[in-house]
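*Asks:* Those protein sequence lines, which keep their order, are chains F and P. Each residue of the first sequence is one higher than the one before, counting from 1 in my numbering. Each residue of the second sequence is one higher than the one before, counting from 1 in my numbering.
Be careful, since some hints might not be right.
Treat identical chains as interchangeable: a pair holds within one or across any two.
Using 20 Å as the maximum straight-line C-alpha spacing, the simulated SDA-like pairs for lysine to any residue come out as follows [said to hold, decoys possible]:
| no. | residue 1 | residue 2 |
| --- | --- | --- |
| 1 | 247 | 201 |
| 2 | 29 | 116 |
| 3 | 29 | 112 |
| 4 | 165 | 235 |
| 5 | 165 | 219 |
| 6 | 29 | 13 |
| 7 | 29 | 15 |
| 8 | 29 | 239 |
| 9 | 29 | 204 |
| 10 | 24 | 233 |
| 11 | 24 | 175 |
| 12 | 165 | 145 |
| 13 | 24 | 208 |
| 14 | 24 | 39 |
These aren't lab readings, by the way, just hints derived from the structure by calculation.
2 protein chains.
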Amino acid sequence: MIHAYSLVHDDMPCMDDDVLRRGKPPCHKQYDEATALLVGDALQTLAFQLLAEHRLNGHARFPHPNLPPQAREGANESLREFHVNDDAARQLEMVRLLALASGSRGMAGGQAIDLSSVGQSLTLPELEFMHIHKTGALIRAAVLLGAQCGSASAAQLDRLDHFGKLIGLAFQVVDDVLDCEADTATLGKTAGKDADNDKPTYVSLLGIQGARDMAQRLHREALETLDGFGEPAQRLRELADFIVLRKF
Amino acid sequence: MIHAYSLVHDDMPCMDDDVLRRGKPPCHKQYDEATALLVGDALQTLAFQLLAEHRLNGHARFPHPNLPPQAREGANESLREFHVNDDAARQLEMVRLLALASGSRGMAGGQAIDLSSVGQSLTLPELEFMHIHKTGALIRAAVLLGAQCGSASAAQLDRLDHFGKLIGLAFQVVDDVLDCEADTATLGKTAGKDADNDKPTYVSLLGIQGARDMAQRLHREALETLDGFGEPAQRLRELADFIVLRKF
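Model the full assembly from the supplied sequences, consistent with the hints where possible.
*Replies:* Now the structure itself:
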């Protein structure tokens with residue numbers, strides 16, 4: 001939902017002014033700009049609503065926090081009640097992670113840097129800084145939110161976070177390569193748009209082969225980061241493969 | 001923050017296209033439309049981040065949810081740990097309330113109804129339905145979020161919710177009266193804009209005196225709803241007074 005809202009707003013005339021998304025007209029073309037603005041706003045809200053409403057592990061709603069103190073102390077003696085509240089602490093942590101990743105120090109901040117970098121010549125570290133925020137933060141959060149539902153140790157969470165950072169960067173490098181290589185029909189969005197808009201890309205900084213090499217290196221490092229996780233991390237490996245090998 | 005984000009987006013050209021807010025140029029005039037879009041997006045995120053980060057009752061951060069099971073069972077025996085997790089359940093409930101009030105079934109949905117009602121003739125119940133969503137939901141949520149930090153009973157929460165609904169409606173009725181009566185300098189926003197835009201208002205439906213009477217009636221009912229709350233509700237009474245007696 002956070003990703004979808006960002007695309008709806010990103011395509012609007014005051015941002016990237018795009019007319020094609022997933023092979024179809026974007027929200028502001030299919031409907032109008034005011035609708036696109038409100039749809040994006042409401043999608044963001046819905047993401048946080050879902051995290052706050054959904055009960056982990058199939059638990060029913062936690063007891064109302066405004067129970068009288070006796071009832072709350074009684075609940076304290078019940079392991080089940082504790083687990084319900086333990087889930088609340090996890091869910092709250094997920095709200096926090098998602099907010100950090102998508103707000104001014106994450107995705108929205110990265111978008112702002114992106115807008116202000118049009119026509120600028122960025123160095124590779126500056127380009128990386130932008131993408132770590134703009135697209136990387138949300139991919140990292142997606143990995144960490146999944147991990148919050150399991151029982152990863154602090155050390156494992158650190159490695160999963162590093163994995164998320166690597167595939168987040170790989171995603172952007174591959175995106176820049178595809179933007180040069182693929183045609184509009186395959187991409188489902190306007191090809192060559194970033195170069196036309198004089199936006200700095202990995203291809204403009206490294207050349208097409210340099211960018212391809214960088215994507216392969218990030219892919220390899222990401223898979224190495226998952227060493228020791230065994231079978232449970234198989235879907236994350238497939239995700240890393242998909243991000244680097246995709247054609248659209 | 002939710003309120004501020006809604007104003008920033010609402011003033012944009014594709015929505016109300018306003019050039020004055022609190023006596024100053026709105027965000028999209030002071031900066032540009034892309035900045036206003038991102039500022040609104042990031043402000044919404046920051047609201048949920050704050051609710052997830054702030055510790056109620058001055059507690060430190062709750063123990064990391066990914067502690068090994070032994071550590072978690074140990075925590076279960078500690079009343080302090082339980083209270084920390086109890087706070088997490090409350091905070092999660094606050095995230096849920098705020099999301100419900102500001103999303104597609106609250107404020108953002110009300111905005112959509114508002115946009116589609118320009119030039120339409122609404123009945124009084126239709127106008128009320130729109131405002132209960134557009135401005136009322138967030139005012140109700142503000143009252144309920146405050147109540148979540150205290151120890152109100154379920155019956156008391158119901159009355160506080162009703163109070164919030166009444167002052168939310170009163171706010172809008174007074175807004176329509178002021179939009180007709182006051183000048184732009186006093187309001188700090190463009191006066192007479194709703195009437196010019198052929199938007200249905202309480203004044204257009206009830207006349208200026210009918211709208212004033214309605215505001216007085218809602219004010220009285222709101223104060224009656226607080227009967228029995230005594231001194232702790234004094235700030236809510238002052239809020240009801242301010243909403244109805246304000247001149248801007």
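*Asks:* Each hint needs a verdict: does it hold in this structure or not?
*Replies:* Here is how each hint holds up against the structure:
For a Cα distance limit of 20 Å, the shortest separation of residue 247 from residue 201 inside one copy, 18 Å, qualifies, whereas the shortest one across copies, 53 Å, does not. Within a single copy, residue 29 and residue 116 get their C-alpha atoms only as close as 25 Å, which misses the 20 Å cut-off; across copies the closest is 17 Å, which meets it. Taking the shortest Cα distances, residue 29 and residue 112 sit within 20 Å of each other only across copies (17 Å), while inside one copy they are farther apart (23 Å). For the identical chains of this complex, residue 165 and residue 235 are intra-copy neighbours only, at 16 Å inside a copy versus 48 Å across copies, given an alpha-carbon limit of 20 Å.
In this assembly of identical chains, residue 165 and residue 219 lie within 20 Å of each other by CA distance solely inside one copy; the values are 11 Å within and 54 Å between copies. For the identical chains of this complex, residue 29 and residue 13 are neighbours both inside a copy (10 Å) and across copies (16 Å), given an alpha-carbon limit of 20 Å. Taking CA atoms no more than 20 Å apart as the test, residue 29 paired with residue 15 passes in both settings, with 14 Å inside one copy and 16 Å between copies. In this assembly of identical chains, residue 29 and residue 239 lie within 20 Å of each other by CA distance neither inside one copy nor across copies; the values are 32 Å within and 43 Å between.
Proximity of residue 29 to residue 204 under the C-alpha cut-off of 20 Å is found in neither arrangement, the shortest distances being 30 Å within a copy and 34 Å between copies. For the homomeric pair residue 24 and residue 233, neither the shortest alpha-carbon distance inside one copy (34 Å) nor that between copies (53 Å) is at most 20 Å. In this assembly of identical chains, residue 24 and residue 175 lie within 20 Å of each other by CA distance solely inside one copy; the values are 19 Å within and 41 Å between copies. When the C-alpha separation of residue 165 and residue 145 is checked against a cutoff of 20 Å, the pair qualifies only within one copy, where the shortest distance is 14 Å, while the shortest distance between copies is 36 Å.
In this assembly of identical chains, the alpha carbons of residue 24 and residue 208 never lie at most 20 Å apart, being 28 Å within a copy and 48 Å across copies at closest. Taking the shortest alpha-carbon separations for residue 24 and residue 39, only the intra-copy value of 17 Å comes in at or below 20 Å, while the best inter-copy value is 27 Å.
Consistency with the previously given hints fails for numbers 8, 9, 10, 13, ordered from lowest to highest.
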